[in-house]
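A.B. asks: Dock chain to chain to rebuild the complex, using the hints, since each chain is given by itself in its own frame.
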Amino acid sequence: MTNAIEAEGLIKKYGDVVALDGLDLEVAEGTVMGLLGPNGAGKTTTVRILTTLLVPDAGRATVVGHDVVSDARALRRVIGLSGQNAAVDEHLTGFENLDMVGRLYHLGRTRSRERAHELLERFDLVEAGGRPAKGYSGGMRRRLDLAAALVAEPPVLFLDEPTTGLDPRGRLGMWDVIADLVRGGTTLLLTTQYLEEADRLADKIAVIDHGTVIAQGTADELKAQVGGERIEFTLTDAGQIGAACAALASLGSGAARTDASARRVTLPVDGGAAVLVAAIRELDAAGIAVQDVGLRRPTLDDVFLSLTGHAAEIEAEQADDEPDTGQQDSSQQDSSQQKEVASR
Amino acid sequence: MSAMTEAAGDAFVITKRNLIKIKRVPDLLVFTTLSPIMFVLLFAYVFGSAINVPGVGYKEFLIAGIFVQTVVFGSTFTGYSLAEDLQKGIIDRFRSLPMAPSAVLYGRTLSDVVNNVISLAVMALTGLLVGWRIHTSFAGAVLGFVLILLFAYAISWVMALVGLLVRTPEIVNNAAFIVIFPLTFIANTFVPTNNFPEPLKTFANWNPVSAVTQAAREQFGNTSPLLPVPDVWALQHAVAYSLIWVILLLVVFIPLSIRQYGKAASR
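Residue numbers (our numbering), protein chains in the order written: chain A, 1 to 344; chain B, 1 to 267.
It should be emphasised that the hints constitute simulated quantities derived from the structure, not laboratory data.
What you are looking at is a predicted structure, and each value in this text was computed from that prediction instead of being measured.
Even glycine gets a Cβ: it sits at the ideal position worked out from N, Cα and C.
Errors might be hidden in some of the hints.
[Said to hold, decoys possible] Label-pair restraints from in silico Cβ distances:
| no. | chain 1 | residue 1 | chain 2 | residue 2 | range |
| --- | --- | --- | --- | --- | --- |
| 1 | A | D71 | B | L29 | 38 to 46 Å |
| 2 | A | K13 | B | P101 | 22 to 30 Å |
| 3 | B | N174 | A | V55 | 27 to 35 Å |
| 4 | A | R109 | B | V251 | 28 to 36 Å |
| 5 | A | R169 | B | I247 | 26 to 34 Å |
| 6 | B | K16 | A | V55 | 53 to 61 Å |
| 7 | A | P168 | B | R167 | 31 to 39 Å |
| 8 | A | S70 | B | L41 | 54 to 62 Å |
| 9 | A | D71 | B | V146 | 41 to 49 Å |
| 10 | B | K16 | A | S70 | 26 to 34 Å |
| 11 | B | G140 | A | G108 | 42 to 50 Å |
[As the list claims (entries may be wrong)] In silico DSS-like links for lysine-lysine, alpha-carbon gap of 30 Å or less:
| no. | chain 1 | residue 1 | chain 2 | residue 2 |
| --- | --- | --- | --- | --- |
| 12 | B | K201 | B | K21 |
| 13 | A | K134 | B | K88 |
| 14 | A | K13 | B | K21 |
| 15 | B | K16 | A | K134 |
| 16 | B | K263 | B | K201 |
| 17 | A | K134 | B | K59 |
| 18 | B | K88 | B | K201 |
| 19 | B | K16 | B | K88 |
| 20 | B | K16 | B | K201 |
| 21 | A | K13 | B | K201 |
| 22 | B | K88 | B | K23 |
| 23 | A | K13 | A | K204 |
| 24 | B | K201 | A | K134 |
| 25 | B | K23 | A | K134 |
| 26 | B | K59 | B | K201 |
| 27 | A | K223 | A | K204 |
Extracted from the complex, chain B is given alone in its bound form (with noise of 0.2 Å):
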């Protein structure tokens, strides 16, 4: 067997059995499934009788933006999930075996994608229900999806990072709510950012979640007429300037995940 078979291999061994654990442990599938549909509720709810965004709904605008957060919060299950791995030792159990030493976080990584598709099904439905729709194609709406799944597959790898390197898997979601917090809200998610100051405006407007945002409204049609698209690149290129993200991401967490993982200690 060559080296890419084996590790391929290893890599669907381990995605299998971080599945076997979404099946047995119900709590977490009320996670990724309950909390999804209550943002959308909240939100379109709650924030959509008070803001109003002309031209389009709140709560068209709104879908592609929760769409967003949820995966970018989602991802961060990666990182609780590695953490817990350490601590409870079965790390040393696959570092101790002959695998391939990058198996672990790609089976962990694509497995946590499983989590989010199972999110965003739930909610596009949950969304479909309070009055969302597609005015595009069924291509763009895949599109769409892709682009979103994939942005939360290179936040997936940072968090990777992060569960290798700090002692609980607590620390692992305190840490990320302090980064992703302000990420998922200093940005077009919620609320359009042309009334923003200075400069929380030009952070937002270069912030690739703002960005992955624009694209997703742009693929299902969400966009408004009267709103038009603020004047930077970031945001006239959307897509490309998401997959730029994706990208950067990946080239430069997955070395490092991969060389932490070799390091990673228990206790």
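Just chain A, with the same shape it has in the complex (with noise of 0.2 Å):
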């Protein structure tokens, strides 16, 4: 499969400020890439070089075969873009920005008319399509400028945190629209800060933070790389830990791993819940109370926490030897494991 975006070793600096240190990238035709990351990681930065408003200190970039830099004009014909904060014109109507970026991509006088309707009518705008777009709820304004970076039926789209401030509902409907549009074969780099959003929209996601790619798979990959399912217990009686790994420990995939202070015993285990009723039964049997206990698989937010958020806080912080018990403990984690994902 060819790369519809291939980045190497993007670098781009604001003064002191390293917005990207040697970024690599590439996204494969047709597919969805999803640049996860923290504020500042340098996601916008990214999507700005690609799009030829930026352009990098050192490194090379091509979008479809067309250099950012060199080939820039050529590149722009090929790509849509919606960014951040909604760049509709809102004195123009919704007709009016559609009808005008089609002129802007030269789509000539008639079929600039007739993309902007059918694209109204496509992202539910028919109505508010002869109104300013000023008067536009959030979620309207999104669809317009989602909209207009679709006006030239580009092969590669950049979407840059579409549904940053949308309500829970404007962001659903976003993405329906979003996986829609995939569905037709479009190459869309997306950006987000919402784990559930990559892990609902892209076929891969590359993890960014300190303008590096720390991580990349598909969700599923990047799962994996946290551990595996675990069933988590928290004992009525602290005093009781001792008896309840020797119970359980035929039942694990590994050792279990215990916190008096928090009464928690952890068994990493194989086989979902068949496991988890054996464990209480076990438990029952030797007597042990349990307060509360649950099967835990690692969602995005584990990955996303051991990647980022750990790396921003052991500077500070002195990292223990607590192993990956999820979110609570994600803040804890040990270097090891984060060394050891960044390496792949």
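C.D. replies: Shown next, in the form of structure tokens:
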């Protein structure tokens, strides 16, 4: 499969601040790549370089074979961009906005108008199309902005945080629209702070932090890097922790980990709910009282926090040997795990 | 389509977009029409009651000065609008489109000429109401107005560069005020320069605002036989000196602004 987007060793500095620190990225044609990272990780800078808005200090990048610097004008013909702060002209109507963008893509007068009508219909803006965008809701503006990015039916689309600032309903609506769009074979680079969004929309996810890609893969691959399923028990009596470990020993796929202060035993398992039932029986038979129990699968939240949240805090906080037990403990995870993931 | 026609077409699309805004935002129209009326009335009656220009009524003397001052201030709107588009991310959208990079700036400056034409028309009507008259020919009047508009157009390009360099539209207004206020007042716009102390007098006599004002007065026939033109080349050859400034500003600021547009990044 050929790559629609390729970036190699991108570096961008703003004064002393390093926004991109040697970022590499490949996005295969017709796939959705999610760039996931906290604020200031370099997501927007990456998009701005790939859409020719910024010139990188070093490194090279191409979109559908066009170099972002030397071939910028031709590159702009094959991309659509929908930015972070819905860049529609609020004094123009929805129709006028789309018509103007069509004219600037040089679609011609007739085709621009046709296309504007088509897109208003597709994005459920027919009624609002004759009103200035000033009166639109946040969700409507986003849809109009996305429609503007699609005017020339570009083969490659960049969406920079397409749902930031939308209410949950608006976000769900936007997801449907985007999912629908990529079914048509458009290559999409999407940036987001929401794991759920990347999980739902992206074929592949690149986690970026401090201007580099620190982990990459499908959502499942990333989850696997954090670890498999585990059962978490919270006991009524901390004194029974030892007994609990003994009772559970044969059921785990690895050694149980314990946390006396939280009266907690965490057991890595294969086999999910069936093991959970067996484990509860064993504890019951051994007379160990359990206050709370749950089967946990790693989420992208775990991945995200273990990769970025931890990395951000490790300098200030002495990392201890607390193993990965999910969200609550992720700020104290072992640095070796992070290194291991980063080295892949 | 050749590159030139394409660029012209793009500039036309942007001009149209900017003009729609004039139609949709009534506040802007109020600014472009009411404030010139206010200026004409204020200066004509407040200053006019105290200032005596020999050989010609103060209102006759004043109008060309008010015209020039108002359109020069009006051209700050170019910078303001560009800074606003930059802030709102609209420039980002334009820059991601395969359009001519100069089109946004040509479109902007051209639509601001329309703004200035509206201002001039309103001021001229108000002027006629308070007693100002053109004593020359129709051609002379047209030449006078065209010269004023050309000068404002050149200043628009200076403001375009300022608008692309600063971070918020408000800064454009504040920065422009600091420069434009002295520029339009240390000149022959509101009072003759004869009694200015040196070195203000030298500055005023070589100030392009004075030359444009002097040229307009000559074209409108608003000069006074009792008020000799100061003996400096700039004012003796007001039309030529004005045009030199227009060309100079355009030659310097069009390429600078287009270059800055290519680099402009929001936030």
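A.B. asks: Hinted pair, alpha-carbon criterion (30 Å max): K201(B), K134(A). Please report holds or violated.
C.D. replies: Given that 30 Å is the threshold and the Cα spacing comes to 50 Å, the pair is violated.
A.B. asks: Is it true that the CA of K13(A) sits at most 30 Å from the CA of K201(B)?
C.D. replies: Violated, at roughly 49 Å.
A.B. asks: Tell me if the straight-line CA distance from K16(B) to K134(A) falls inside 30 Å.
C.D. replies: 18 Å, holds
A.B. asks: Given the range 27 to 35 Å, decide if the beta-carbon distance of N174(B) to V55(A) lies inside it.
C.D. replies: Given range 27 to 35 Å: holds, Cβ gap about 30 Å.
A.B. asks: Could you check the hint for me, namely that S70(A) and L41(B) are 54 to 62 Å apart, CB to CB?
C.D. replies: 58 Å, holds
A.B. asks: Starting from K134(A), check that the Cα of K88(B) is at most 30 Å away, please.
C.D. replies: 13 Å, holds
A.B. asks: Does the alpha-carbon distance linking K201(B) and K21(B) stay inside the 30 Å limit?
C.D. replies: Given that 30 Å is the threshold and the Cα spacing comes to 41 Å, the pair is violated.
A.B. asks: Check whether the Cα positions of K59(B) and K201(B) lie no farther apart than 30 Å.
C.D. replies: 23 Å, holds
A.B. asks: What's the verdict on K23(B) and K134(A), does the C-alpha distance respect the 30 Å limit or exceed it?
C.D. replies: 14 Å, holds
A.B. asks: Lying within 26 to 34 Å: is that true of the beta-carbon distance R169(A) to I247(B)?
C.D. replies: Roughly 58 Å apart at Cβ, these two residues miss the hinted range, so it is violated.
A.B. asks: Holds or violated: K88(B) with K201(B), Cα cutoff 30 Å?
C.D. replies: The given pair, whose Cα atoms are some 43 Å apart, is violated under the 30 Å limit.
A.B. asks: Could you grab the alpha-carbon distance between K16(B) and K201(B) and see if it respects the 30 Å cut-off?
C.D. replies: Cα-Cα ~43 Å, so violated.
Consistency with the previously given hints fails for numbers 5, 6, 12, 14, 16, 17, 18, 20, 21 and 24, ordered from lowest to highest.
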